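S.K.: Let the hints inform the model, and build the full structure from the sequences given.
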Amino acid sequence: MCLRTPDGALLDIIRNAYDLLSCCDIKLPEIESNDKYANSGPPYHILLHPALGPLWEVTSQKFHGGSISNGSELPIEAFEFLWRNIELDGSLIVVAENVMGSHIDKNHESIV
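For what it's worth, my numbering labels the leading residue of the sequence shown as -19, then goes sequentially.
If you're looking for bench data, these hints aren't it; they were derived computationally from the structure. Wrong hints could be hidden among the right ones.
Pair by pair, the computed Cβ-Cβ distance ranges are [stated by the list, open to error]:
#1 D85 with S2: 34 to 44 Å
#2 P34 with E77: 14 to 24 Å
#3 N19 with N65: 27 to 37 Å
#4 A18 with S40: 28 to 38 Å
#5 K86 with S20: 50 to 60 Å
#6 N87 with R(-16): 45 to 55 Å
It should be emphasised that the depicted structure is a prediction, and the values quoted were computed from it without experimental measurement. Ideal placement from N, C-alpha and C gives every residue a C-beta, glycine not left out.
M.R.: Pasting the structure below:
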């Protein structure tokens, strides 16, 4: 069964994060079937900004070992990030004012 809803889109994001982070030796709760997800919601929230790496190969270089517990959240809105054997049980929210590291030049224009 395919969930063609906003919830289904979130489930796709969570499954992609599971696939990516599992390859980096990070232990995560397994994603249940669509039916179970529809009744209980996601086991965790992981949202990774695309600036972390355009390819999984690049992004996976920034994550190594550790675990993410059921009910945890990990939104990362930053260009650079390094995860080494972190055991997340709760929330780790990483926000950058200028995700790509831009700054304002002398003409008051943003430069990446």
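S.K.: Against this structure, judge whether each hint is valid.
M.R.: So, going through the hints one by one against the coordinates:
1. The hinted window of 34 to 44 Å between D85 and S2 holds, with their beta carbons roughly 42 Å apart.
2. The beta-carbon spacing between P34 and E77, approximately 22 Å, falls within the hinted interval of 14 to 24 Å.
3. The hinted range of 27 to 37 Å is satisfied by N19 and N65, whose Cβ atoms lie roughly 33 Å apart.
4. Between A18 and S40, the C-beta spacing of about 30 Å keeps the proposed range 28 to 38 Å intact.
5. Roughly 54 Å separates the CB atoms of K86 and S20, a value that falls within the hinted 50 to 60 Å.
6. Checked against the hint of 45 to 55 Å, the C-beta distance between N87 and R(-16) comes to roughly 46 Å, which is consistent with it.
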